Amino acid sequence: MFSKLSYKSQRNIIIVAFLIVPLTLLGTFSFLPVANMFWYSLTEWNGFSDKEFIGLENYKTVFTDPEYFRVFTVSLYYFFGTFLQMSLALYFATILSFKVRMKNFFKGVIFFPYLLNGVAIGFMFLLFFQPDGGLDTILGLVGLGDFTTHWLGNPDVINISLAGTSVWRYMGFNFIIFLGAISSIPNDVYEASEIDGANRWHQFRYIILPSIKIIVSLNLILAISGALSAFEIPYIMTGGSNGSATFVIQTVDTAFKYGKIGLASAMAVILLFIVIIVTAVQRKFFSEDD
Amino acid sequence: MLKLNQKLLVFFASMLVIVVIAGCSSDSEEGSGEGSDQPTYETWKEKDPEEIEGDLTVITHRTDIVDTVYQEYAKQFNEIYPNVNVNFEALTDYGGEIMPRMNTEDYGDVQYIPVQVPIEDIPNFFEPMGTLEDMQEKYLGVEERQVDGTVYGIPIALTYTGVIYNKAVFEEAGITELPKTQDEFIVALEKVKENTNAVPLYTNYAAGWPLTQWEGAVTTTAGNVDYYNVDMLDDPTPFDQGDPHYEHYSLMYEVAEKGLIEEDPLTTDWEASKVRMNNGEIATMVLGSWALEQIQGAGENADDIGMMAFPTDAEETIFSLGADLNISINKNSENKDAAFAWVDWFIHDSGYSVEQAGGISASKDIPLPDALTTAQEEGAQFEMLTPAPDDKQGLLDEVDKESEVGLWLEPNKKIIIEAAIGNRDETYDDIMKSWNEDWSAAYEEIVGE
Numbered sequence: 001m002f003s004k005l006s007y008k009s010q011r012n013i014i015i016v017a018f019l020i021v022p023l024t025l026l027g028t029f030s031f032l033p034v035a036n037m038f039w040y041s042l043t044e045w046n047g048f049s050d051k052e053f054i055g056l057e058n059y060k061t062v063f064t065d066p067e068y069f070r071v072f073t074v075s076l077y078y079f080f081g082t083f084l085q086m087s088l089a090l091y092f093a094t095i096l097s098f099k100v101r102m103k104n105f106f107k108g109v110i111f112f113p114y115l116l117n118g119v120a121i122g123f124m125f126l127l128f129f130q131p132d133g134g135l136d137t138i139l140g141l142v143g144l145g146d147f148t149t150h151w152l153g154n155p156d157v158i159n160i161s162l163a164g165t166s167v168w169r170y171m172g173f174n175f176i177i178f179l180g181a182i183s184s185i186p187n188d189v190y191e192a193s194e195i196d197g198a199n200r201w202h203q204f205r206y207i208i209l210p211s212i213k214i215i216v217s218l219n220l221i222l223a224i225s226g227a228l229s230a231f232e233i234p235y236i237m238t239g240g241s242n243g244s245a246t247f248v249i250q251t252v253d254t255a256f257k258y259g260k261i262g263l264a265s266a267m268a269v270i271l272l273f274i275v276i277i278v279t280a281v282q283r284k285f286f287s288e289d290d
Numbered sequence: 001m002l003k004l005n006q007k008l009l010v011f012f013a014s015m016l017v018i019v020v021i022a023g024c025s026s027d028s029e030e031g032s033g034e035g036s037d038q039p040t041y042e043t044w045k046e047k048d049p050e051e052i053e054g055d056l057t058v059i060t061h062r063t064d065i066v067d068t069v070y071q072e073y074a075k076q077f078n079e080i081y082p083n084v085n086v087n088f089e090a091l092t093d094y095g096g097e098i099m100p101r102m103n104t105e106d107y108g109d110v111q112y113i114p115v116q117v118p119i120e121d122i123p124n125f126f127e128p129m130g131t132l133e134d135m136q137e138k139y140l141g142v143e144e145r146q147v148d149g150t151v152y153g154i155p156i157a158l159t160y161t162g163v164i165y166n167k168a169v170f171e172e173a174g175i176t177e178l179p180k181t182q183d184e185f186i187v188a189l190e191k192v193k194e195n196t197n198a199v200p201l202y203t204n205y206a207a208g209w210p211l212t213q214w215e216g217a218v219t220t221t222a223g224n225v226d227y228y229n230v231d232m233l234d235d236p237t238p239f240d241q242g243d244p245h246y247e248h249y250s251l252m253y254e255v256a257e258k259g260l261i262e263e264d265p266l267t268t269d270w271e272a273s274k275v276r277m278n279n280g281e282i283a284t285m286v287l288g289s290w291a292l293e294q295i296q297g298a299g300e301n302a303d304d305i306g307m308m309a310f311p312t313d314a315e316e317t318i319f320s321l322g323a324d325l326n327i328s329i330n331k332n333s334e335n336k337d338a339a340f341a342w343v344d345w346f347i348h349d350s351g352y353s354v355e356q357a358g359g360i361s362a363s364k365d366i367p368l369p370d371a372l373t374t375a376q377e378e379g380a381q382f383e384m385l386t387p388a389p390d391d392k393q394g395l396l397d398e399v400d401k402e403s404e405v406g407l408w409l410e411p412n413k414k415i416i417i418e419a420a421i422g423n424r425d426e427t428y429d430d431i432m433k434s435w436n437e438d439w440s441a442a443y444e445e446i447v448g449e
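Going down the list, the protein sequences come from chains A and B.
Per my numbering, the first sequence starts with residue 1, numbered consecutively.
Per my numbering, the second sequence starts with residue 1, numbered consecutively.
In isolation and in its complexed conformation, chain B is listed as follows (with noise of 0.2 Å):
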């Protein structure tokens, strides 16, 4: 009898504790909109604003602007749907957080699609949001991340490329002409060097992303919109001499090689950076134009900081537009209704693309920027990039991650750098090569398949 007694209080204090482990994961398996046929992005928009109503968690990745802009956003979106309880939740590295919680079902209920995620995988994870045909007439970009004809998420905007540049420093140093061609870009440089005390280009090596942004101006040096998903996937070695690739980070390298980069790349910050280009410090920065009003708000002389294309020897100067982020719904998500309606507001009404994100806004309705109609009348082009064909979507991505090049990362924009100023035994071409190799091993792995 005793020891019955004593097997079964271990039993209970066992029974207690799983089911306090239980307890804390329980899910729930009731989605809303179930049971009708229509999907919940069609059903929503027939219910009455003040019928939509619930506790929203809202994921960003802007740690500045979550605790003023976005408190104004969820008022704002109050006056139209006032039950609904928007919380937001800020992420500071979006892309490394979001994936652990993805393996679970709580994600937020309105979040971004990293771009990690395979696009063969998006519909596991996101609502639908509308058939491709019906949402390319409404928004631009929303063909990159489609699965099969459905969209899964609208661009918070779509930005472009380019070198940002300081007037004055240029003036200072006698340019009088805006540099259009690699070589007059270096020639301008040069100038700064001389004329000025400012530094003729920051990389911003030490943060590392920065130099990432590069990669956003190839289809301006490649002067070809069908450049980057189309005639690159046709070539295993897309890093040749000739190529828009090499082409490109050429210019970084010798730009680097020359010194005409900031004296010790290792130790740079970039939040400084900002205030030091503002105050005429820097000249240049390569960077998406996102960039050009944090870096005219980060001191006085806003009016001295302006945008030019990236210089390029091909025919036309290309902008290419660019989505950023994929705003998307959580699939396992019990507000559906109330996040279709913050996504249908924040697109629409939020203005965040335009103010907060310095591109334009994904949807057709919303007329160009003012910054960008002037640069349109001087003969820049803004254009889309073409969409990969059907049989090849999302094979540059895979090719890119297998062979660890790293398109839009920085630890081999590094190497370049380090190698020009002279860290490394590798010339440009020896890098190039490597690229080559590792790209043309991933591609006959997954295209030879």
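One chain only, chain A, in its complex shape (with noise of 0.2 Å):
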């Protein structure tokens, strides 16, 4: 039956049959939730009872109440070490990509903390900043003794502590990349440029950086967005305590602590605004120097 249909209505009827898995897959498990939480946004609901419409009240409260968005400063934090873990992670892959001693070695130890589960991570760096833990020992060592603070116990360096640990988490997965992404420059260009004269960083101003700049680009997105939306890491450290708490955290405690579902999903929602608006604005920037 089926070879007597034309090319191409079995070929549609082929798409069909293949598509239909996944989205079903991408319904069930995204846009049913999504929609679900758009609904549970407009209501006051308590995970419990009954849901109650209340139109856009919730979005009314998380706009007027100055505490619910003062909690964005602490992104600043994630996202300026963002910057740093994309440079580091740059610098890297482009040394590692040239002729290095221990390369493997060295591109294991930069990858491996991407592969830690995150609550081994705030766990072992938990242990890493109590007073006399590890950093507090190699500073000792290294003669800066006298900088040794509560690096979780002081407000004022708690979250460049861990927006530290992040960094120190996700380089190895934006030097993962930027490494594919340097290693499909073929070898006959540098050799070329090495004929001409380049040092290594013409090389890397004029070669790597130009080639890859759709990936740095991608990286910075997923960068950006992770650093509005951090959340692993200082809820398993501090639970957000001491001035930590990102709106991530601030969502799910007012879901789950203070039972007010309907408010933790409008909060939700913005946030999944903002990241669509920011994603947009940095997609339109990249691409008009295209």
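Calculated from the structure, these hints are not laboratory results.
Warning: the hint list may mix true and false statements.
[Said to hold, decoys possible] Calculated pairs, DSBU-like style, for lysine-lysine (alpha carbon to alpha carbon, straight line, at most 30 Å): (1) Lys364/B x Lys257/A; (2) Lys180/B x Lys258/B; (3) Lys258/B x Lys47/B; (4) Lys433/B x Lys180/B; (5) Lys331/B x Lys257/A; (6) Lys433/B x Lys60/A; (7) Lys257/A x Lys392/B; (8) Lys191/B x Lys180/B; (9) Lys51/A x Lys75/B; (10) Lys191/B x Lys258/B; (11) Lys51/A x Lys258/B; (12) Lys138/B x Lys364/B; (13) Lys45/B x Lys138/B; (14) Lys257/A x Lys213/A; (15) Lys180/B x Lys193/B; (16) Lys75/B x Lys45/B; (17) Lys180/B x Lys167/B; (18) Lys138/B x Lys331/B.
[Claimed, not checked] Derived contacts from chain A toward chain B, CB cut-off under 7 Å, selection only: (19) Gly47; (20) Phe53; (21) Leu126; (22) Gln130; (23) Pro131; (24) Thr149; (25) Leu152; (26) Gly153; (27) Tyr235; (28) Gly239; (29) Ser241; (30) Asn242; (31) Phe256; (32) Lys257; (33) Gly259.
[Claimed, not checked] In silico negatives: residues of chain B with every beta carbon more than 10 Å from chain A: (34) Pro49; (35) Asn103; (36) Glu133; (37) Val163; (38) Glu177; (39) Lys193; (40) Asp231.
None of these values were measured; they are calculated from a predicted model.
Cβ coordinates follow ideal geometry from the N, Cα and C atoms, glycine included.
Two chains, each in its own frame: build the complex with the hints.
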């Protein structure tokens, strides 16, 4: 029966048949929950009782109470951490794409943290930041003992410590992507440039960077939306206390500690829109250059 | 013709997907025991233990003992009810993980009533266990989550809050008599700091929830069992100076301000704290009686660990008995008889409340453990809180959630510690003022309606 159909309809059937499974999965696990979230955000609901429709009241609450937006200042730490993370990743990726001794070992070392479980990292760094813990010991050994402080106890430093942990963890991911992109540049280009007398910096500036520009912008988008929705590391390490609460931590608390699912859904919707806007702005910004 | 075939194929393909998805969520509406007039809580007892059968799913929060103690429970249970197959499911974060499941019908046969469920919604999820009148004769603490004279859960234990302390450290510090008032308590902690290397009071700030344990002792500070559920509800600003809550948490603030806590609260570790207390590196911790056994078992010095009443300036020292989680039965369960059998066995015969929860049993037939009878002889009183009057049931909880003060949650307690160690530009009075403002705003909104 199938073979009697025209090529075109056969193709269509195959396309539809193959798409049904991924589209159903996408619908069930992405669009349906998001649609539900929109609906919840218009209700007052504690997770158990009947939902009560209250229109845009939840959004009004979030936008009029500065308490809910103040936490975005914490995101700034992760935002600046992002740039550090990207430049370190790019630096190491460039160096390790040239001839270096024990190249694969270093690649492994840098990528390894990304493979670790977030909870394990949280606990590791809790020990690391303890008074007289790993960090204090290292600083003492290199003669910087005077700079030790309570890395998590000091409210001026806590977000830097946490953002630093985050940089350590996610740098490997950026690194591996950069490395992949750089290795796609053909070797002849380097050889040609060497004949022309280019040094390593020139090669980086005029060959590598332009070739992987699109990957850099992709990584930047991922990193910035990651900074806005930072959650795992501060939640595990401090539970958002001592001024380290991010917007997502606050959303989770609102939903599961105070039983305000409606309000928390509104916060989640707002974050979703902020991330979409940031991404759109960046894409526009980068596509104009091309 | 071709067109039609093509459409048909697409149609069949999509039907297939729909059927597969629908198949996963097929729900069966038949409940057991329907058709008879008597409620299941009466009919199940008439059956012979051998007649009761089924696959029972019991959800618990005790991830630590689910593979050991609970397996033993299942064996003992099967000696009486041989035809029931008991399976356990342990949730790490009971309150958080059960909520999404309760929006389906699949949340085990036996579970606990999550504290997050508003009291008036309880009948939508759980099977009635008896009338309040009957149940009160047999059990303690069942009135707390009753709805319109019907009981839906039995506390798995009743526990009390106090100060767990290391006797050896106290001796080394030169404390001869146990401190009774807040001032004496602070003097004792100062002695610990001066004379020993131990941390005077370990807050367990990083874990967070241990700070909420303080709330269980508010009645001790108030010295009045009516305070919590009755008096507090008449006061739109319950955190003024002189109010029990103000006095209660001022101790937390003062202890932290005077540096009588761990050096860096942000890096505390609950599991390690039990071992350190057992070793004499920590002098005191404010916790419920359930923790006593865990700390005694965390090292070799079980005999050094004791529990004293929370320091109070009130005339009487009251240990208020608080109900632990309430064991309950899923309204949609298909094995209600077996579920009732398990609940009955668990409350009366398992010994869980004393051995595992460090409290007393909700069943009035079971005598007090030794530890309590001695404390009682020394003048401490173990009392249940007065329940809220009928027209105000659930009000405290509602105001608490709406105001986000979170009496039983840690964020605001953490703020007290942060302010006390100088991480915030707030004084204790500022904090109490903000609690008062949030509370009275929510109170007006809810009571004023």
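Hints versus structure:
{"no.": "1", "hint": "Lys364/B x Lys257/A", "verdict": "violated (33 Å)"}
{"no.": "2", "hint": "Lys180/B x Lys258/B", "verdict": "holds (19 Å)"}
{"no.": "3", "hint": "Lys258/B x Lys47/B", "verdict": "violated (63 Å)"}
{"no.": "4", "hint": "Lys433/B x Lys180/B", "verdict": "holds (28 Å)"}
{"no.": "5", "hint": "Lys331/B x Lys257/A", "verdict": "holds (25 Å)"}
{"no.": "6", "hint": "Lys433/B x Lys60/A", "verdict": "holds (25 Å)"}
{"no.": "7", "hint": "Lys257/A x Lys392/B", "verdict": "holds (22 Å)"}
{"no.": "8", "hint": "Lys191/B x Lys180/B", "verdict": "holds (15 Å)"}
{"no.": "9", "hint": "Lys51/A x Lys75/B", "verdict": "violated (43 Å)"}
{"no.": "10", "hint": "Lys191/B x Lys258/B", "verdict": "holds (12 Å)"}
{"no.": "11", "hint": "Lys51/A x Lys258/B", "verdict": "violated (48 Å)"}
{"no.": "12", "hint": "Lys138/B x Lys364/B", "verdict": "holds (6 Å)"}
{"no.": "13", "hint": "Lys45/B x Lys138/B", "verdict": "holds (16 Å)"}
{"no.": "14", "hint": "Lys257/A x Lys213/A", "verdict": "violated (44 Å)"}
{"no.": "15", "hint": "Lys180/B x Lys193/B", "verdict": "holds (19 Å)"}
{"no.": "16", "hint": "Lys75/B x Lys45/B", "verdict": "holds (21 Å)"}
{"no.": "17", "hint": "Lys180/B x Lys167/B", "verdict": "holds (15 Å)"}
{"no.": "18", "hint": "Lys138/B x Lys331/B", "verdict": "holds (23 Å)"}
{"no.": "19", "hint": "Gly47", "verdict": "holds (5 Å)"}
{"no.": "20", "hint": "Phe53", "verdict": "violated (18 Å)"}
{"no.": "21", "hint": "Leu126", "verdict": "holds (6 Å)"}
{"no.": "22", "hint": "Gln130", "verdict": "holds (4 Å)"}
{"no.": "23", "hint": "Pro131", "verdict": "holds (5 Å)"}
{"no.": "24", "hint": "Thr149", "verdict": "violated (10 Å)"}
{"no.": "25", "hint": "Leu152", "verdict": "holds (4 Å)"}
{"no.": "26", "hint": "Gly153", "verdict": "holds (4 Å)"}
{"no.": "27", "hint": "Tyr235", "verdict": "violated (11 Å)"}
{"no.": "28", "hint": "Gly239", "verdict": "holds (5 Å)"}
{"no.": "29", "hint": "Ser241", "verdict": "holds (4 Å)"}
{"no.": "30", "hint": "Asn242", "verdict": "holds (6 Å)"}
{"no.": "31", "hint": "Phe256", "verdict": "holds (5 Å)"}
{"no.": "32", "hint": "Lys257", "verdict": "holds (5 Å)"}
{"no.": "33", "hint": "Gly259", "verdict": "holds (5 Å)"}
{"no.": "34", "hint": "Pro49", "verdict": "holds (34 Å)"}
{"no.": "35", "hint": "Asn103", "verdict": "violated (8 Å)"}
{"no.": "36", "hint": "Glu133", "verdict": "holds (27 Å)"}
{"no.": "37", "hint": "Val163", "verdict": "holds (23 Å)"}
{"no.": "38", "hint": "Glu177", "verdict": "holds (33 Å)"}
{"no.": "39", "hint": "Lys193", "verdict": "holds (17 Å)"}
{"no.": "40", "hint": "Asp231", "verdict": "holds (24 Å)"}
Checked against the numbered hints listed earlier, the structure breaks hints 1, 3, 9, 11, 14, 20, 24, 27 and 35; every other hint is satisfied.
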